[in-house]
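Protein chains: 2
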Amino acid sequence: MADINSKLEIGVTTGPIRGSKKIHVGPLGVAMREIHLEPGSGEPPVRVYDTSGPYTDPNATIDIASGLAPLRRDWQLARGDVEEYAPREVKPEDNGQLGPDRSGGVPPFPTALRRPLRAKAGMNLSQMHYARRGIITPEMEYVAERENLGRARLTEYKRDGESFGASIPDYVTPEFVRDEVARGRAIIPSNVNHPECEPMAIGRNFLVKINANIGNSAVASDLASEVDKMVWSIRWGADTVMDLSTGRNIHDTREWIIRNSPVPIGTVPIYQALEKVGGVAEDLTWEIFADTLIEQAEQGVDYFTIHAGVRLPYVPLAAKRMTGIVSRGGSIMAKWCLAHHKESFLYERFDEITEIMKAYDVAYSLGDGLRPGSIYDANDEAQFAELYTLGELTKRAWAQDVQVMIEGPGHVPMHKIKENMEKQLEACGEAPFYTLGPLTTDIAPGYDHITSGIGAAQIGWYGTAMLCYVTPKEHLGLPDRDDVKVGVVTYKLAAHAADLAKGHPAAQVRDDALSKARFEFRWRDQFNLSLDPDTAEQYHDQTLPAEGAKSAHFCSMCGPKFCSMKISQEVRDFAAKQNQPVQTFIASEEEAEAGMKAMSQKYEEGGRELYIGAGNREHD
Amino acid sequence: MADINSKLEIGVTTGPIRGSKKIHVGPLGVAMREIHLEPGSGEPPVRVYDTSGPYTDPNATIDIASGLAPLRRDWQLARGDVEEYAPREVKPEDNGQLGPDRSGGVPPFPTALRRPLRAKAGMNLSQMHYARRGIITPEMEYVAERENLGRARLTEYKRDGESFGASIPDYVTPEFVRDEVARGRAIIPSNVNHPECEPMAIGRNFLVKINANIGNSAVASDLASEVDKMVWSIRWGADTVMDLSTGRNIHDTREWIIRNSPVPIGTVPIYQALEKVGGVAEDLTWEIFADTLIEQAEQGVDYFTIHAGVRLPYVPLAAKRMTGIVSRGGSIMAKWCLAHHKESFLYERFDEITEIMKAYDVAYSLGDGLRPGSIYDANDEAQFAELYTLGELTKRAWAQDVQVMIEGPGHVPMHKIKENMEKQLEACGEAPFYTLGPLTTDIAPGYDHITSGIGAAQIGWYGTAMLCYVTPKEHLGLPDRDDVKVGVVTYKLAAHAADLAKGHPAAQVRDDALSKARFEFRWRDQFNLSLDPDTAEQYHDQTLPAEGAKSAHFCSMCGPKFCSMKISQEVRDFAAKQNQPVQTFIASEEEAEAGMKAMSQKYEEGGRELYIGAGNREHD
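Protein chains in written order, with this note's numbering: chain E, 1 to 620; chain U, 1 to 620.
So here's chain E without its partners, still in its complex pose:
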């Protein structure tokens, strides 16, 4: 279903996700997705969180060359604390034209010359700043509406779960969002220059979010496929997208991505800064780095990964490791520190960086440059040394009301995952944790979306606010379109498993709706309620392609003679007819005997109306 944009041949996937329709809720028209079930079922439609933006709205016109509508612009201007100004001029080196390779230039985004916004002198645009002054912004209202999915039906559900100290409310009010942002327990990434972004929150008391990484490298990938990957990843549920491009055309590629993204975009500015100095880390300077921050802030990047915790004294700690430093940003800074026998300029100039962040409301994603890259290195001295420094920097950022989240590992065996979460909460004052996996074993390259999905579900349960996806290509190559989808769906299910275990009041609605559909052989509803309806139906059709099978009360697993689901319905009918109190497993012989007689009688009366149909196979 790819619309090819004739002008630039940038094609993206549009159209509704199978079985659901886009709705806009409340005065702010918060975008959600509604899955309508079979009319005969008498089941209400199920509302699900929707990250896909206008691309799944049949009423929206998509023109990649124009970008998305500036949803938040009026809100920003109404606050009266911003000013338009002439942007920093785009330099050749912004697109990596310093290096030997001058090929592969991409066209600049047509309307890229617009005037950016920034805070008026002395002003602070961060959502945290508004929150701390008691102001409830439209962004906070949008988030509240968005997070309340399914809670209208809450009365039907008893709270059930273990949240390890989280404070998930029954219902999310704008005031609750404001308070969480004010405390620093949640962030709403929202660069003033990314008005196309639909507000979302990252925090342990909200739905667990996931991030998808895209970006070209000097070896592979190009502009069109990166824009397509961004749209593709949000279609399947990516809450934020990081553009990790290196090599050429970094500036222009990013512009195309941001202008077309309804979700927050994150970057690692040190990558581009390094390109600007020809890849020689020791030639990096504060001036070049600061200029790169301004450049990206003007484009609208919503959060920056800053590896300010890689301090010179920690670098030697990495020498004891099996796999040293696996973070690119971390290794770049480690090298700079060694080369200059100086403390990291990111650490020393941290408050100056914060000044830039608050002028645009760019959120910090404090990078864990010393995270472990193998099971052997998990939870070591280098990792925790950096974590405590990130805690110190969090407080420095908060002192200027700038939003912060903390990046986490990495490779960690299951028994060491909880310690990561506990130390992070303690060291960083409940600032949102944003982890990569963690991978729970090193021995399955090609399946690291799963080795890490296991760790991601667990750390999400313990309190991590956002999970950075890992694709099957991790450690092996750059993810293609299919890898991106598998990575996103894997992380969506891990995040959902975490929400269920935390006892999020809205989470189980969808599981229950799908299980009920499964029990009642509503195959289409089962497909449509799943995270990936296309794949579910395709798998079903591989054995029973006939259209009739979609309504058949059996499936290929057991064939038309075995059916556990069918008989369960009969058991239920029995119990209903006899309506005798259900017996417990400590039933006495007498009670049992009575139950047997009663049931058998009903059975005889029912004309032995039992037979084994066919249904759900689960290993026996």
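Careful: at least some of the hints might be erroneous.
Treat identical chains as interchangeable: a pair holds within one or across any two.
Claimed, not checked - Restricting the straight-line Cα-Cα distance to at most 20 Å, the calculated cross-link-like pairs of lysine to any residue (SDA-like) are:
| # | residue 1 | residue 2 |
| --- | --- | --- |
| 1 | 320 | 573 |
| 2 | 342 | 280 |
| 3 | 22 | 49 |
| 4 | 418 | 164 |
| 5 | 342 | 573 |
| 6 | 22 | 39 |
| 7 | 423 | 162 |
| 8 | 320 | 520 |
| 9 | 320 | 160 |
| 10 | 158 | 376 |
| 11 | 120 | 85 |
| 12 | 418 | 165 |
| 13 | 320 | 159 |
| 14 | 21 | 58 |
The set of hints was computed from the structure by calculation and includes no laboratory data.
We have chain E already, so just place chain U on it with the hints.
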């Protein structure tokens, strides 16, 4: 690499797994796989547990029509407690020739007319019986050798992990195996009529095992593909295989599978019994069921799933559920109980079943017929009512020295998984737990190998001895060859993650070897050490196909200019050269300053010999 067996066109995959060679260790010639690393690396070969049997041994001749060599036959005869006898005659209904469909007959296994073995009058062939009399059998010796993988290098490893009360020894002795089997904490499934089976142990103090389900249904699949799936599943690591065939040809299909299987085979006898009565559950009788047990015991089935815990008084409890009874065996017995207003004949005749089990050493896999089929039904009254009955039956089986394991759920959210393990340990006296998943959410059909892999890794960590795989087709269709491989590899990595977290002394050897290879850019070693070398190399080659890239010190993720691994080596060299004590993160300013100066000096001396190469990309 499929050898087509011309006579019967049953093709199976043979030949070594890439990068490794079959070895036979010790006086019993215990089969293992050895992965040889690059000569230049100076790394020793890595021994891994091998379930693939003779199919991966270039020196073995494979003839599907003859079956495998009877490895254990001499051990059995030497014990002097067995007798050969004329087998029960194969009846038409054994192959389901009662029903309307008389098509699709498969050829009987050529040598199927051999005379089976059973215990002489009054004798008991179970490994538990030998163990309790203090006898260490060759089977126990085989298991001990097999479980000690990598422990020769143990001295290099400190024990590290949380085993939740397991008693994993540093080194496995035959006496330890005997003791575990005698206590009922481990089983060695080993039907006297399956001498082709390579002994293996299932117990929480041994490596976590996985099971793969195969089997045709009346709707799909055939003999050749089932035999192929069995061989394919053990190639990738299935420790046992369950033949869940229904429909026609059950007897002959099973014979072909058992005669060619080097791993224990499990079945659910009630499936075949039901076929014998034309699919009408209420027509099932004890006589037909008992006859089916004999039939399958003579063929060599190593463990039977028996749903004797589905008692009549519990059936109404399922009426309160979202998805009722999802176990086919459970629903069949529930229906029988209701129809006859009688207690289950499996429960009432349990001790008679046990008499049959011990005459052939068939192990019980007590089925959880009332396991939850949805998040909503997890940990409910019906489930735990049955569990406590399974505990009672365990003790009755143990009273006759018959081996037992307990089947477990199903669909369980993460916060309710641990309770399952704890209740099972308490109710069943540490009899091995054998769980299906559990699936941690219901909303991802098409990805249930992952929703369940998350739960499997956790419950394996808590103490489950064997994990029953779930494939991507779960709930949607019958798994094909590719689904079987994905399911097996997913469960192998989940089981390994559990071994790591439990602190199994041998587990981390492989992770460390692979991570070291990754750090040193030994791409081939990285592929060969992985659970699926073919897929790992294929993914790598999708972006960098050139042969040279296999030795390149960079990869496609970051391109030739970024490299965290490379710089880490440089950091290590620095630390080594300066050999100053590594500083901790509470380093004082003075210490830090000193470190900086020292390092910078080395750097200048080294001729600024640092540059950023390319390496491992992990999200930043």
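Hints, one by one, checked against the model:
{"no.": "1", "hint": "320 / 573", "in the structure": "between (66 Å within a copy, 11 Å between copies)"}
{"no.": "2", "hint": "342 / 280", "in the structure": "within (16 Å within a copy, 81 Å between copies)"}
{"no.": "3", "hint": "22 / 49", "in the structure": "within (11 Å within a copy, 51 Å between copies)"}
{"no.": "4", "hint": "418 / 164", "in the structure": "both (10 Å within a copy, 15 Å between copies)"}
{"no.": "5", "hint": "342 / 573", "in the structure": "between (77 Å within a copy, 18 Å between copies)"}
{"no.": "6", "hint": "22 / 39", "in the structure": "within (19 Å within a copy, 59 Å between copies)"}
{"no.": "7", "hint": "423 / 162", "in the structure": "both (19 Å within a copy, 18 Å between copies)"}
{"no.": "8", "hint": "320 / 520", "in the structure": "between (58 Å within a copy, 15 Å between copies)"}
{"no.": "9", "hint": "320 / 160", "in the structure": "between (44 Å within a copy, 18 Å between copies)"}
{"no.": "10", "hint": "158 / 376", "in the structure": "between (42 Å within a copy, 11 Å between copies)"}
{"no.": "11", "hint": "120 / 85", "in the structure": "within (10 Å within a copy, 96 Å between copies)"}
{"no.": "12", "hint": "418 / 165", "in the structure": "both (13 Å within a copy, 19 Å between copies)"}
{"no.": "13", "hint": "320 / 159", "in the structure": "between (46 Å within a copy, 19 Å between copies)"}
{"no.": "14", "hint": "21 / 58", "in the structure": "within (9 Å within a copy, 57 Å between copies)"}
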